[in-house]
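Line by line, the protein sequences give chains A and B.
Each residue of the first sequence is one higher than the one before, starting from 0 at the first, in numbering that gives the first Met the number 0.
Each residue of the second sequence is one higher than the one before, starting from 0 at the first, in numbering that gives the first Met the number 0.
Hints are not guaranteed to be accurate.
One copy or two, either will do: identical chains are not told apart, so a pair holds if it fits within one copy or between any two.
[Claimed, not checked] The calculated EDC-like cross-link candidates involving lysine to aspartate or glutamate, where the alpha carbons are at most 20 Å apart (straight line), are:
(1) K184 with E214
(2) K22 with E52
(3) K25 with D155
(4) K184 with D213
(5) K25 with D55
(6) K43 with D55
(7) K68 with E159
(8) K25 with E14
(9) K43 with D157
No lab work stands behind these hints, which were simulated from the structure alone.
These numbers come from a predicted model, not from an experiment.
Number of protein chains: 2
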Amino acid sequence: MTPVTFLSLGPGDPELLTIKALKTLKDADVVMVPATRSNEGVMKSRATDIISEWCDDNRLMVYELPMLKDRQAVSLVYDRIFADCVRLYHEGCRIVVAVEGDVSIYASIHYVMERLEEASIPVVQSAGIPSFIAAAASAGLSLVSQQQRLTILPGDADAEMLHQLLSSNHVVVVMKLSQCQEAVKEFLRRNPQTVCHYFENVGTPEAYHTSLSDEILSRQFPYFSLCIIYPA
Amino acid sequence: MTPVTFLSLGPGDPELLTIKALKTLKDADVVMVPATRSNEGVMKSRATDIISEWCDDNRLMVYELPMLKDRQAVSLVYDRIFADCVRLYHEGCRIVVAVEGDVSIYASIHYVMERLEEASIPVVQSAGIPSFIAAAASAGLSLVSQQQRLTILPGDADAEMLHQLLSSNHVVVVMKLSQCQEAVKEFLRRNPQTVCHYFENVGTPEAYHTSLSDEILSRQFPYFSLCIIYPA
């Protein structure tokens, strides 16, 4: 039987799928994708947008994830994905669980993968382009060179931490930026010489990039935003 | 005229090329690739191996990079790549400069890209899978979850630095591991509870992975090796 594949889709551009991902999608019997409902009640699935060219609707299973950080509600959805994987695996299906970005970078769906392993169901993980790598490419940036270090923070940056890392030659990427926007803006205000590249919706038609401090400071950071900050 | 594309090839597996990379390679008039000569005098080019299925030899331009860390010698090769790009660009060629891994992560070829920009020759950068992302996928690992931070070090790890990062909830990736193997081994000996995943030649048929401490300690780390160390 075919292992359950946890497939990274990259940040949004369908052309950033790997050849391996494409083959896996074409061979799948079932592709499980996450979706969220907007405040206006509209269901949106970036994952579905990415793969739509390669995967017809009748093989898709869409799971609505709650937008709010209600861990218990999310956990119930994951329980359902786990149970569906177990059932379909034993029916002999080739199952793909599709994940935006890369499945090794802050993807809580990894929890389902670990449960499947505990249940002796074989799993494989397929690598994808993380959003910060796509961001650097879109702006023509080198993230790190020579003796620089690279640190990725999960939306919990504070001014002291940024100062410490940057002054010890770390390039800092802040993901889930909307969760700490005041701290980052305060840091930029206090350190006006800082080189900071700000990105929204990397890899999508709504992509936006600026390194102008005034632009960054006046912006309300949306959910899909990140920044790259360079040491002086 | 077509911008010069700096194209990331990923770590070694041709299937980890993106669809975008594949299209770019197929459309190129000239593909510049790095190669190195082994101690036995044999020329090797991992980049050429990755793209061989998609790119016939007559479009390849192979540049031999010196193996030793002789910056001046490397710089002469980069000068030649720069000059060839300028000449071929003005002849109307679609030029691809192929780079192993991802061009934003410790790729010194970025220097050529910056020189081209200064010379008003348009460049674009295409994202690829970094080796540490492919390593995590090959071993089924989550690199970072929840409030963990991720730090990438360029082969200059020492015991004190590792201790500091790991004790403040950083997952640490050490690239160019052969350059600091004694320091990392010493750290593992002193901290036998540490969870460390060690990788050689990720994405190639010679790929090797272990998390057994004795195995890691007894190994002579080759050039293409990295490790992922988790906080306790």
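Against the structure, the hints:
1. K184 with E214: within (11 Å within a copy, 46 Å between copies)
2. K22 with E52: both (13 Å within a copy, 16 Å between copies)
3. K25 with D155: Neither, since 38 Å and 43 Å both go past 20 Å.
4. K184 with D213: Within one copy, since 10 Å is at most 20 Å while 47 Å is not.
5. K25 with D55: within (10 Å within a copy, 27 Å between copies)
6. K43 with D55: Close inside one copy (17 Å), not across copies (42 Å); limit 20 Å.
7. K68 with E159: Result: close neither inside a copy nor across copies, 26 Å intra and 36 Å inter.
8. K25 with E14: both (15 Å within a copy, 14 Å between copies)
9. K43 with D157: Neither way: K43 and D157 sit 31 Å apart in one copy and 46 Å across, limit 20 Å.
The structure does not agree with the numbered hints 3, 7, 9 stated previously, though it agrees with the rest.
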